[in-house]
Amino acid sequence: MTRDEILSKLTPIMRDIFDDETLVPTDSMTSEDVAEWDSTNHVRLMVAIEAEFGIRFETDEITAPENVGQLVDLIAAKLAG
Amino acid sequence: MIDLTDHPNLHRLTSHLVERWPDHSDYVDKSFADRTPEVTASSDRIAACILKLAPEVEGGLDGLCDDYRFLCEKIVLPEELHFRRHNRYRLSSFAEAEKECYANAPFMARYMNGLLISNVIWHNHACAISSYMREYLPSRPQGTDHLEIGPGHGLFLYFAAISPNVASISGWDVSPTSIEQTRRALHALGVDRPADLTLQNMFEAPASDRRYDSIVMSEILEHLEDPVAALKAASAWLRPGGTIWVNVPANSPAPDHIFLVQSPEHACELVESAGLEVVGSHAFPMTGATLEKARKRKLAISCVVVGRKP
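Quick note, the sequences are listed as chains H and W, same order. When the count follows the numbering used here, it moves up by one through the first sequence with no breaks and lands on 104 for the last residue. When the count follows the numbering used here, it moves up by one through the second sequence with no breaks and lands on 409 for the last residue.
No wet-lab data here; the hints were simulated from the structure. Among the clues, some could well be false.
Some chain W residues judged to face chain H by a derived CB distance under 10 Å, without partners named [claimed, not checked]: (1) Val-117; (2) Glu-118; (3) Arg-119; (4) Trp-120; (5) Tyr-126; (6) Phe-182; (7) Arg-183; (8) Arg-184; (9) Ile-261; (10) Ser-262; (11) Gly-387; (12) Ala-388; (13) Leu-390; (14) Ala-399.
Between beta-carbon pairs, the in silico distance windows are [as the list claims (entries may be wrong)]: (15) H:Asp-83 x W:Val-377: 41 to 47 Å; (16) H:Gln-93 x W:Asp-295: 32 to 38 Å; (17) W:Phe-169 x H:Pro-35: 14 to 20 Å.
Distance condition first, Cα-Cα at most 27 Å in a straight line; then the derived BS3-like pairs of lysine-lysine [to be verified]: (18) W:Lys-392 x W:Lys-173; (19) W:Lys-173 x W:Lys-129; (20) W:Lys-129 x W:Lys-331; (21) W:Lys-173 x H:Lys-101; (22) H:Lys-32 x H:Lys-101; (23) W:Lys-397 x H:Lys-32; (24) W:Lys-395 x H:Lys-32; (25) H:Lys-32 x W:Lys-392; (26) W:Lys-129 x W:Lys-395; (27) W:Lys-151 x W:Lys-129; (28) W:Lys-331 x W:Lys-151; (29) W:Lys-397 x W:Lys-173.
We put the CB at the ideal spot given by N, CA and C, even for glycine.
Bound conformation, chain H alone:
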């Protein structure tokens, strides 16, 4: 799966979790850019990603990504691994 394909699948998940139908994720987007991106919603996001992509994050991977780009990279690495 390419990075663009991952980002494309990520978009509806992020819109649902953060309750914002206009949200357009970009590589540089961080939690500071999204009003509802707090710690609880971050965990909800990561668990929703696990279900959608069929992957499982380690506990320390949950908080590792500092922006959407790093999150996409992490998903790509898990899919490849």
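Got chain H; can you put chain W on it based on the hints?
Chain W only, in chain H's frame:
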């Protein structure tokens, strides 16, 4: 950062916390942006208590703030992950919680210190204790005999102790460490009236003629396998017409939470199942969430229920 300079204790506590943990600034702002002036005023009084208690704690205010961060990042987050994956709490028996948490004194000390700060910072915790301070305690009848089961950090018992309508204060706890913590807290906060603090398991309390007009169980039921049995045991110590003030979180994972309360209605059902009449209830959603959103997403809600013994 939100301007709390009108509330000097809150200002000092939150400034110190954000200095120790800058990334928490947005969360603090969000939590205080949603509060009514009355809740903010209660939070200032609680912050004043915490600032008085801080010198008693190892590491002082720095230590308390660091333990609060430890609570958020290292204690709650992994449990939140489990809860979201499996839709249930990780542990389900008291014996497991005892082994993992209660028997680990250094862990429990940090956990309890973190929770002390959460009474100011977490929206649901702040609203729950504020409702106890502003609504429940002032409406108790003159001469109330008041018991708290599991007084822990001592804040709830302290506010009962300074209530003019409360004639006597008592506390029961199964942990000698907790009893000592409550005793030290009341002393540090300047309570000079006698407090009957007893090492007592509520299920094994010896028969006595002693009865109470008011019993508080704050964040106790979620730690028990059978909360209805606990409420029944507690209500046996109430005088007819007496009240139990229950504060129990719904959808709030923690390593020692073993009973999952699903909703505010579920919390009321527990109280009713114990033979008590529900005469008041509140539902306070977690920081940043409306009650509607918290229900929909199964986020933490502090459920306050006042039950009256017929």
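Could you work out which of the previously given hints the structure breaks and list their numbers from low to high? Of the numbered hints given earlier, those the structure breaks are 1, 2, 3, 4, 9, 10, 13, 16, 17, 20 and 28, listed in rising order.
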